[in-house]
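Visitor: Once you've looked at the hints, dock chain B with the ligands against the given chain A.
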Amino acid sequence: MATVQVERRELTLAEKLYIPEVVRGLVVTTRQMLKNAFGKKDVATIQYPEVKKVYPDRFRGRHRLTTREDGTVRCVACMLCSTACPAKCIHIVAGDRGGADVEKYPISFEIDLLVCVYCGFCEEACPCDAIRMDSGRHPLPSFSRDKQRIHKVQLLEDGVRSIARQGGEGT
Amino acid sequence: MSMGELILWGLVKFVCIVLGWVMLVATVLTLMERKQSAAMQNRVGPNRALIFGKKFPLSAFLGQILADALKVLFKEDYEPVNGNKWLHRIAPALGLIPAMLMWLVIPFGPGPPPGVEGHHWFQMADLNVGIIFIFAIASMSVYGATIGAWASNSAFSLLGGLRTAAQMISYEVTLGLSLVGIFMIYGSVQLNDIIWAQGDMAWGIVTQPLAFVLFMVAAVAETKRAPFDLPEAESELAAGYFTEYSSMRFAVFSLGEFIGIVAVAAIAACVFLGGWQIPWVETPLLADGTVDYGWLTVAQVAIFLVKMVFIIWLQMQIRWTLPRFRYDQLMKLGWVYLLPLAIFNLVITALVMYVLR
Ligand code: SF4
Ligand code: SF4
Chain A
21 MATVQVERRE LTLAEKLYIP EVVRGLVVTT RQMLKNAFGK KDVATIQYPE VKKVYPDRFR
81 GRHRLTTRED GTVRCVACML CSTACPAKCI HIVAGDRGGA DVEKYPISFE IDLLVCVYCG
141 FCEEACPCDA IRMDSGRHPL PSFSRDKQRI HKVQLLEDGV RSIARQGGEG T
Chain B
856 MSMGELILWG LVKFVCIVLG WVMLVATVLT LMERKQSAAM QNRVGPNRAL IFGKKFPLSA
916 FLGQILADAL KVLFKEDYEP VNGNKWLHRI APALGLIPAM LMWLVIPFGP GPPPGVEGHH
976 WFQMADLNVG IIFIFAIASM SVYGATIGAW ASNSAFSLLG GLRTAAQMIS YEVTLGLSLV
1036 GIFMIYGSVQ LNDIIWAQGD MAWGIVTQPL AFVLFMVAAV AETKRAPFDL PEAESELAAG
1096 YFTEYSSMRF AVFSLGEFIG IVAVAAIAAC VFLGGWQIPW VETPLLADGT VDYGWLTVAQ
1156 VAIFLVKMVF IIWLQMQIRW TLPRFRYDQL MKLGWVYLLP LAIFNLVITA LVMYVLR
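Here the protein sequences line up with chains A and B, keeping their order.
For the working numbering, count along the first sequence from 1 and bump the result up by 20.
For the working numbering, count along the second sequence from 1 and bump the result up by 855.
Just chain A, same shape as in the assembly (with noise of 0.2 Å):
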């Protein structure tokens, strides 16, 4: 490509002078402040732990555990979301539940949110609808590495009971 030549402005007599053009700048910047200060703010600042942000539906948060009707936790220990971790940070270790068409349940269920990429892979693998990244909240800080290990107790502190049928023929 040819070269792009440049037409400069030549600068007008009150620009040269300066003076004028700080006056400008100096209203412009006194408005805003004054604005700011005693009227409308234009601040966009959120005062974070006080005041939240309400976060768009789809928003990957914590994880949480739903539960089925009688309160159980849904989750069968079928170890698909923990395949499908591409960050390997869930750790599932199966017990029995002695149930005939629901046969596992996790003892423990862990989540490394330290190690978590907030893909959402392992709510899109689970088959039963048990664990959801909805719960709109983003991990809380701590003061060790162990407190971001959140395990089931936590992961089912704000779940939900989900109503998708499961178990049994034809599911």
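No lab work stands behind these hints, which were simulated from the structure alone.
Being a predicted model, the structure only gives us computed values, none of them experimental.
We put the CB at the ideal spot given by N, CA and C, even for glycine.
All the given hints hold, so there is nothing to weed out.
To give an idea of the chain A side of the interface with chain B (calculated C-beta under 10 Å), a few residues:
hint, residue
1, Ile-39
2, Gly-45
3, Leu-46
4, Val-48
5, Thr-50
6, Gln-52
7, Met-53
8, Leu-54
9, Ala-57
10, Val-63
11, Thr-65
12, Gln-67
Computed cross-link-like contacts, BS3-like style, restricted to lysine-lysine with a CA-CA straight-line distance of at most 27 Å:
hint, chain 1, residue 1, chain 2, residue 2
13, B, Lys-1187, A, Lys-36
14, A, Lys-124, A, Lys-108
15, A, Lys-72, B, Lys-910
16, B, Lys-890, B, Lys-926
Guide: Below, chain B with the ligands without anything else, positioned relative to chain A:
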């Protein structure tokens, strides 16, 4: 008045003026500047340091100031290994002391009218060199910066120190010359007399508008703030001449700068905005020619402080509005434009005064 009484009153006035007002304003300025710039840039500014976490009016203000003070007190006082330890230690004081000495001749309220003997209640000392004393002291503050820079043994500091020296010496010339027209018109270099004369004639900003602009430009350059903040240009030189300073010494340096800003505002208010004069209000005099002090005096002191705060605000506003000059532009502005303009202003003033007489 006896010598002892003079010294006593001098001390009282020093405490009231320097500790009571100047230090207070300088301390509040460290916060107000951040708040003001935040408002200008659609930010919130510091608001997290509440006293004991309690919310009450101004708690975030007081909390922030206290937190800043505590922070600088408890930080490590770092001294560069290969620097000159003693010079490094005394440099902040060399920066702070001239800034405080400038207040010696600034009148906060009416003194006796020109030609009348009397005590100056609102001025520490009515030196007969007046404002020239301020210039003499102000040019000494360059030592604090350059010595501190040299003693730090750091390239950033050294460059900052060099720039400080060059810039301050260049703009001092304009600073001094811009006020000579004022001296000619009002016939004195003593601030008290200048302010009295401004009451009789017109304020300095009316008689010498060009000088006001020149003075403000040179004064902003003297206080080393944007658009003339090359000595401490943070994007090029870290923090310029006080890069290697930390803890209280750093605070003393910046406090000195803030006091310099307040001092410049005081001078500008005295010389160009009529000091403690309230427009169209006569200062009442007693039979022997001295001032009749009363409630009006309180109003006059208050109006002087208001004028000062206005100039401080203007300086801050300029600092957060304009981008920094390039170094050659800075030098060119100082020597090629401002200095001839100041001399031109002087010549015109002289001509007009000659014609009018
Ligand atoms: S969001 Fe992704 S990384 Fe995190 S646990 Fe689920 S699958 Fe693993
Ligand atoms: S959460 Fe879902 S995918 Fe993971 S083990 Fe439980 S049932 Fe299987």
